[in-house]
Amino acid sequence: AAGVIQSPRHLIKEKRETATLKCYPIPRHDTVYWYQQGPGQDPQFLISFYEKMQSDKGSIPDRFSAQQFSDYHSELNMSSLELGDSALYFCASSLSGGNTIYFGEGSWLTVV
Amino acid sequence: AQSVTQLGSHVSVSEGTPVLLRCNYSSSVPPYLFWYVQYPNQGLQLLLKYTSAATLVKGINGFEAEFKKSETSFHLTKPSAHMSDAAEYFCAVSEDRGSTLGRLYFGRGTQLTVWP
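Order-wise, the sequence lines are chains W and R.
Okay, so the first sequence: first residue is 1 according to the numbering used here, each after it adds one.
Okay, so the second sequence: first residue is 1001 according to the numbering used here, each after it adds one.
In short, the hints are calculated from the structure, not lab data.
For every residue, glycine included, the Cβ atom is placed at its ideal position computed from N, Cα and C.
Check before you lean on any hint, since a few could be wrong.
Just so you have them, the derived chain W footprint on chain R, three or more residues with Cβ under 8 Å [claimed, not checked]:
1) 1031-1041
2) 1044-1057
3) 1105-1116
Calculated lysine-lysine pairs in the DSS-like style (CA-CA distance at most 30 Å, straight line) [stated by the list, open to error]:
4) R:K1069 with W:K57
5) W:K52 with W:K13
6) W:K57 with R:K1049
7) R:K1049 with W:K22
8) W:K52 with R:K1069
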């Protein structure tokens, strides 16, 4: 079965640079969630989209933005990167009316 | 507001002995409860979920969990640990927001070590 696809899997950026992470949800899933997991920490919710509209917002820095496109894929844009942004970024998806949230393998971002 | 508390950041067991990972939640509405497992440098894999259908839930790899509303608990158990069970386990709670599932609130995680 198709899963949540994230790209790139690994990314190295310098401070103050910009990074973009992409997420392709499971086919027919209309809701996408973004999470950030720092080293040794639990995943922290950033933002979610349902039917291309922002549905919830968590602890996402103002330097970050995200959107969901007409094909339901989503992108997380991160600007003015800081060392503290180094983390594993997860995308997850669910289907409206469903009861399960599925995660991708994550994108490792290292800021140097 | 919703929150999850996982008692014990580290649990160590011997291979072949039972596993018990504790999870307590707080939720203002009937919750959806999940256990996810994360192997080193990998993503989050769904172990099992509670969605009000049955209080005893069976998941993959021989794990199961029991929803106890009176204790607001959703502890994860396995009768006999295997070396391959060594991983980080996260309990999470969500709520039905009508059209879609709300965000997941995660516990701090429990690192399970299995000794030979």
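Structure-based check of all given hints:
1. 1031-1041: Satisfied; 3 residues make the cut.
2. 1044-1057: It holds, with 5 qualifying residues against the three required.
3. 1105-1116: Result for this restraint: holds, n = 5.
4. R:K1069 with W:K57: Judged against 30 Å, a Cα distance of about 28 Å means the pair holds.
5. W:K52 with W:K13: Measuring from Cα to Cα gives roughly 28 Å; hence the hint holds.
6. W:K57 with R:K1049: The given pair, whose Cα atoms are some 24 Å apart, holds under the 30 Å limit.
7. R:K1049 with W:K22: holds (27 Å)
8. W:K52 with R:K1069: Measuring from Cα to Cα gives roughly 35 Å; hence the hint is violated.
Hint 8 from the list above is the single one not met by this structure.
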